[in-house]
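Protein chains: 2
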Amino acid sequence: MIGYPNKKKTLPPVNDPAISKAGRGMSLEDDLNKTNSFYLDVDRAVIFKKPTPIQVVGVSYPSRNKAKITEAYYRQASTTDYNGVYKGLPIDFEAKETVNKTSFPLAKLHKHQLDHLINVNRHGAIAFLLIRFSSLNETYLIMVELLLKFIKDNDRQSIPYDWIKKEGIIIPYSLTPPVDYLTALDKLFTKGVTRNEEK
Amino acid sequence: MIGYPNKKKTLPPVNDPAISKAGRGMSLEDDLNKTNSFYLDVDRAVIFKKPTPIQVVGVSYPSRNKAKITEAYYRQASTTDYNGVYKGLPIDFEAKETVNKTSFPLAKLHKHQLDHLINVNRHGAIAFLLIRFSSLNETYLIMVELLLKFIKDNDRQSIPYDWIKKEGIIIPYSLTPPVDYLTALDKLFTKGVTRNEEK
Chain A
66 MIGYPNKKKT
76 LPPVNDPAIS
86 KAGRGMSLED
96 DLNKTNSFYL
106 DVDRAVIFKK
116 PTPIQVVGVS
126 YPSRNKAKIT
136 EAYYRQASTT
146 DYNGVYKGLP
156 IDFEAKETVN
166 KTSFPLAKLH
176 KHQLDHLINV
186 NRHGAIAFLL
196 IRFSSLNETY
206 LIMVELLLKF
216 IKDNDRQSIP
226 YDWIKKEGII
236 IPYSLTPPVD
246 YLTALDKLFT
256 KGVTRNEEK
Chain B
66 MIGYPNKKKT
76 LPPVNDPAIS
86 KAGRGMSLED
96 DLNKTNSFYL
106 DVDRAVIFKK
116 PTPIQVVGVS
126 YPSRNKAKIT
136 EAYYRQASTT
146 DYNGVYKGLP
156 IDFEAKETVN
166 KTSFPLAKLH
176 KHQLDHLINV
186 NRHGAIAFLL
196 IRFSSLNETY
206 LIMVELLLKF
216 IKDNDRQSIP
226 YDWIKKEGII
236 IPYSLTPPVD
246 YLTALDKLFT
256 KGVTRNEEK
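Protein chains in written order, with the numbering used here: chain A, 66 to 264; chain B, 66 to 264.
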């Protein structure tokens with residue numbers, strides 16, 4: 066969220082567990098920003114992260130045409146973080162990271178995010194959740210229909226890693242783009258899993 | 066953008082031209098927020114305004130769990146302000162107001178907004194521009210294909226009101242919702258104008 070364009074990066078220690086496996090260690094958000102830029106560059110899809118909603122209370126004008134916000138507060142979002150257009154269809158998803166190795170805590174997915182995924186899916190969007198197990202360097206895609214089935218069938222506060230590994234679609238790590246979730250989606254659709262076509 | 070939830074509204078003078086015609090005078094943004102909430106409530110579509118992008122530079126924590134942004138700046142958006150899902154299709158639009166009575170100045174539509182409309186339309190979204198002539202209390206919907214045709218065929222800095230009145234779709238004012246652009250779209254599609262189906 067906070068960008069320091071000119072800040073020099075300190076090199077992490079060589080045996081940092083986050084990067085030792087394959088020289089990586091970027092956040093899922095950074096990886097998704099790069100991935101969405103890549104999709105836009107090659108004209109494959111138009112998908113953007115929504116800005117964080119901020120309530121502005123005070124603004125000053127230190128110079129002409131330059132507004133400086135002096136007091137503001139983070140607000141709760143009403144939707145997921147990512148949406149756009151892919152192959153003529155609306156696409157909408159939320160992305161979450163966990164350091165856990167054995168499960169994904171459902172508390173990380175807020176109620177308004179799940180409600181929004183259900184909503185857009187009912188209206189015809191491809192809706193899903195991306196989960197990154199950062200300690201394992203693995204990212205999975207779970208369609209919202211599957212997620213709802215899990216929540217309905219299980220009285221649990223978290224989704225076991227083994228279930229995600231079995232039921233989700235793993236997104237292989239690549240350099241360009243770092244999180245190629247559209248190719249993962251394509252595989253899923255080729256398999257015959259279709260979006261909710263009602264309405 | 067700036068909200069003062071408890072600020073008392075001063076009543077405008079009775080002969081204020083903005084409200085004298087029909088007791089109205091809300092901004093297009095306010096009207097669209099109400100309209101989109103209405104569409105969500107009646108489950109007709111899921112369309113949201115994107116938050117204004119803000120670059121946060123300084124944050125303080127006056128109390129536990131409460132972040133106060135003390136320095137931040139408005140950033141240029143990369144997309145339009147509104148998008149979502151309607152009848153299984155991606156929908157994307159920009160909304161502009163003008164006090165002019167005879168034309169809409171094209172400078173009000175920024176390059177990145179037009180580029181984004183062209184982009185999402187090419188990928189299959191219903192993409193359009195809403196123009197409100199606030200002095201006339203009239204709001205029109207112009208599909209991006211039509212807008213591009215105008216720009217291509219005319220070497221002008223503004224779109225004449227008469228052209229918009231003739232070629233655009235007027236959105237009748239109603240109370241719930243105030244700007245019923247989906248009904249205007251429905252009429253357009255019934256007439257046989259279809260979205261770009263390529264790709």
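Mixed in with the good hints there might be a few duds.
A pair counts as met if it fits within one copy or between any two copies, since identical chains are not told apart.
To be verified - List time: in silico DSS-like cross-link candidates among lysine-lysine, alpha-carbon distance up to 25 Å: (1) Lys152 to Lys115; (2) Lys131 to Lys161; (3) Lys115 to Lys166; (4) Lys231 to Lys217; (5) Lys131 to Lys166; (6) Lys131 to Lys173; (7) Lys214 to Lys231; (8) Lys99 to Lys114; (9) Lys99 to Lys115; (10) Lys161 to Lys173; (11) Lys152 to Lys230; (12) Lys231 to Lys152; (13) Lys217 to Lys115; (14) Lys131 to Lys214.
Worth flagging that the hints you see were computed from the coordinates, not collected in a lab.
All of these numbers come straight from a predicted model, not from anything done at the bench.
Verification of the supplied hints:
In this assembly of identical chains, lysine 152 and lysine 115 lie within 25 Å of each other by CA distance both inside one copy and across copies; the values are 20 Å within and 22 Å between. Proximity of lysine 131 to lysine 161 under the C-alpha cut-off of 25 Å is restricted to the inter-copy arrangement: shortest distance 22 Å between copies versus 35 Å within a copy. When the C-alpha separation of lysine 115 and lysine 166 is checked against a cutoff of 25 Å, the pair qualifies neither within a copy, at 29 Å, nor between copies, at 34 Å. Proximity of lysine 231 and lysine 217 under a CA criterion of 25 Å is satisfied intra-copy only: 18 Å inside one chain copy versus 53 Å between copies.
Neither within a single protomer nor between protomers do lysine 131 and lysine 166 lie at most 25 Å apart by alpha-carbon distance, with minima of 46 Å and 30 Å respectively. Taking the shortest alpha-carbon separations for lysine 131 and lysine 173, only the inter-copy value of 19 Å comes in at or below 25 Å, while the best intra-copy value is 37 Å. In this homomeric assembly, lysine 214 and lysine 231 come within 25 Å of each other (Cα to Cα) only inside a single copy, at 14 Å, whereas the closest approach across copies is 51 Å. In the homo-oligomer, the alpha carbons of lysine 99 and lysine 114 lie at most 25 Å apart both inside one protomer (11 Å) and across protomers (24 Å), since each shortest distance falls under that limit.
Proximity of lysine 99 and lysine 115 under a CA criterion of 25 Å is satisfied in both settings, with 15 Å inside one chain copy and 20 Å between copies. In this assembly of identical chains, the alpha carbons of lysine 161 and lysine 173 lie at most 25 Å apart only when taken from the same copy (7 Å versus 37 Å across copies). In this homomeric assembly, lysine 152 and lysine 230 never come within 25 Å of each other (Cα to Cα): the closest approach is 27 Å inside a single copy and 33 Å across copies. When the C-alpha separation of lysine 231 and lysine 152 is checked against a cutoff of 25 Å, the pair qualifies neither within a copy, at 27 Å, nor between copies, at 33 Å.
Taking identical chains as interchangeable, the C-alpha atoms of lysine 217 and lysine 115 are never at most 25 Å apart, the minima being 29 Å within one chain and 31 Å between chains. For the identical chains of this complex, lysine 131 and lysine 214 are neighbours neither inside a copy (50 Å) nor across copies (35 Å), given an alpha-carbon limit of 25 Å.
The structure is inconsistent with the numbered hints 3, 5, 11, 12, 13 and 14, although it conforms to all the rest.
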